[in-house]
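Engineer: Sequence:
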Amino acid sequence: MANTTRTNPGEAQIITENKGGDSLKKMQSSFEKNQKIIVGAVVAVVLLVGGYFGYKQMVQKPNEEKAANALFSAEQWFGMDSLNYALNGDGQHGGALSVIKKYGDTKAGNLARYYAGMSYLRTGDAKNAIVQLEKFDGKGTPLEYLAYGALGDAYMETNNSAKGIEMYKKASANEKDNFISPLYLFRAALASDVTGKTDEAKKLYLELKAKYPYSQQAQEVDKYLARAGELTND
Numbered sequence: 024m025a026n027t028t029r030t031n032p033g034e035a036q037i038i039t040e041n042k043g044g045d046s047l048k049k050m051q052s053s054f055e056k057n058q059k060i061i062v063g064a065v066v067a068v069v070l071l072v073g074g075y076f077g078y079k080q081m082v083q084k085p086n087e088e089k090a091a092n093a094l095f096s097a098e099q100w101f102g103m104d105s106l107n108y109a110l111n112g113d114g115q116h117g118g119a120l121s122v123i124k125k126y127g128d129t130k131a132g133n134l135a136r137y138y139a140g141m142s143y144l145r146t147g148d149a150k151n152a153i154v155q156l157e158k159f160d161g162k163g164t165p166l167e168y169l170a171y172g173a174l175g176d177a178y179m180e181t182n183n184s185a186k187g188i189e190m191y192k193k194a195s196a197n198e199k200d201n202f203i204s205p206l207y208l209f210r211a212a213l214a215s216d217v218t219g220k221t222d223e224a225k226k227l228y229l230e231l232k233a234k235y236p237y238s239q240q241a242q243e244v245d246k247y248l249a250r251a252g253e254l255t256n257d
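Residue numbering for the sequence shown is 24 to 257, as defined by the numbering used here.
Note that these hints are calculated values from the structure, not bench results. Just so we're clear, the structure is a prediction, and the values are computed from it rather than from any experiment. Here a beta-carbon is modelled for each residue, glycine too, at the ideal position from N, C-alpha and C. Incorrect hints may have been included.
[To be verified] Below are the DSSO-like pairs computed for lysine-lysine, each with C-alpha atoms no more than 27 Å apart in a straight line:
no. : residue 1 : residue 2
1   : 199       : 232
2   : 226       : 199
3   : 125       : 186
4   : 220       : 232
5   : 193       : 89
[As the list claims (entries may be wrong)] Simulated DEER-style distance windows between Cβ atoms:
no. : residue 1 : residue 2 : range
6   : 219       : 88        : 43 to 53 Å
7   : 92        : 234       : 12 to 22 Å
8   : 183       : 127       : 40 to 50 Å
9   : 186       : 245       : 20 to 30 Å
10  : 107       : 237       : 20 to 30 Å
11  : 250       : 157       : 27 to 37 Å
12  : 242       : 180       : 18 to 28 Å
Kindly produce the complete structure, drawing on both the sequences and the hints.
Structural biologist: Structural data, given as structure tokens:
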């Protein structure tokens, strides 16, 4: 007669309980691991958000105020045409370059690039003017178009006429402006004219007459059109 192994009900219950216990332990272990990941992620987000607002309040805001105060002297010198001081300061107060170095990521630091670029241009340093004005962000402000115009002048001085004309066109893009836009549209036409782009020059001269007929530049357009072979009856 073959031997048979029987498991009594008590043993079966113990085995079942052991299996159930192992599963429960695995579930708890998995939950604890996931919980650590979730908690860690939440903490990271809290720290990130808190750090961002902390940076805004504790670092960025004070830096904006310091930068604006530091730029004040450079603005005054620029307005008085003391361009070397506007760039480099007077030994006691820093100039625009110092503001850029210390507070380049602030609004005042950005504005300092405009003053530095314009100062370089007016002192005959077109290359450094380009460096600063290309980094200046004047979008949405009146200085945007003035900066483009200054870049046009700087590129023309470095014999990059294609880039100069491009910048002049950008400077003339604000059709609501009846002073800056016709000025730089005229310069774009002249630059095209003197570099042999006669057809482009004609187009720009005619655009100037059509858009800004009462501007000072429009009063001079006919003689340039005539020279370019485009006679008008106006």
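Engineer: Hey, residue 226 versus residue 199, does the alpha-carbon distance stay inside 27 Å?
Structural biologist: holds, 20 Å
Engineer: Under the criterion that the straight-line Cα-Cα distance not exceed 27 Å, is the pair residue 199, residue 232 satisfied?
Structural biologist: holds, 15 Å
Engineer: CB of residue 250 to CB of residue 157, is that within 27 to 37 Å?
Structural biologist: The hinted range 27 to 37 Å holds for residue 250 and residue 157, with Cβ atoms some 33 Å apart.
Engineer: Between residue 193 and residue 89, does the CA-CA distance stay at or below 27 Å?
Structural biologist: Given that 27 Å is the threshold and the Cα spacing comes to 33 Å, the pair is violated.
Engineer: CB of residue 92 to CB of residue 234, is that within 12 to 22 Å?
Structural biologist: violated, 42 Å
Engineer: May I ask you to test the hint 20 to 30 Å on the CB atoms belonging to residue 186 and residue 245?
Structural biologist: holds, 29 Å
Engineer: Are residue 242 and residue 180 spaced within 18 to 28 Å by their CB atoms?
Structural biologist: Holds - the Cβ-Cβ distance for residue 242 and residue 180, about 27 Å, lies within 18 to 28 Å.
Engineer: Taking only the CA atoms, is the gap from residue 125 to residue 186 under or equal to 27 Å?
Structural biologist: With Cα atoms ~31 Å apart, residue 125 and residue 186 exceed 27 Å; violated.
Engineer: Looking only at beta-carbon atoms, does the pair residue 219, residue 88 fall within the given range of 43 to 53 Å?
Structural biologist: The hinted range 43 to 53 Å holds for residue 219 and residue 88, with Cβ atoms some 52 Å apart.
Engineer: Kindly confirm whether 20 to 30 Å is satisfied by the beta carbon distance between residue 107 and residue 237.
Structural biologist: Given a distance of about 39 Å, which is not inside 20 to 30 Å, the answer is violated.
Engineer: Assess, step by step, whether the Cα of residue 220 is no farther than 27 Å from the Cα of residue 232, and give holds or violated.
Structural biologist: holds, 19 Å
Engineer: So does residue 183 sit 40 to 50 Å from residue 127, Cβ to Cβ?
Structural biologist: violated, 26 Å
Checked against the numbered hints given earlier, this structure breaks hints 3, 5, 7, 8, 10; the rest are met.
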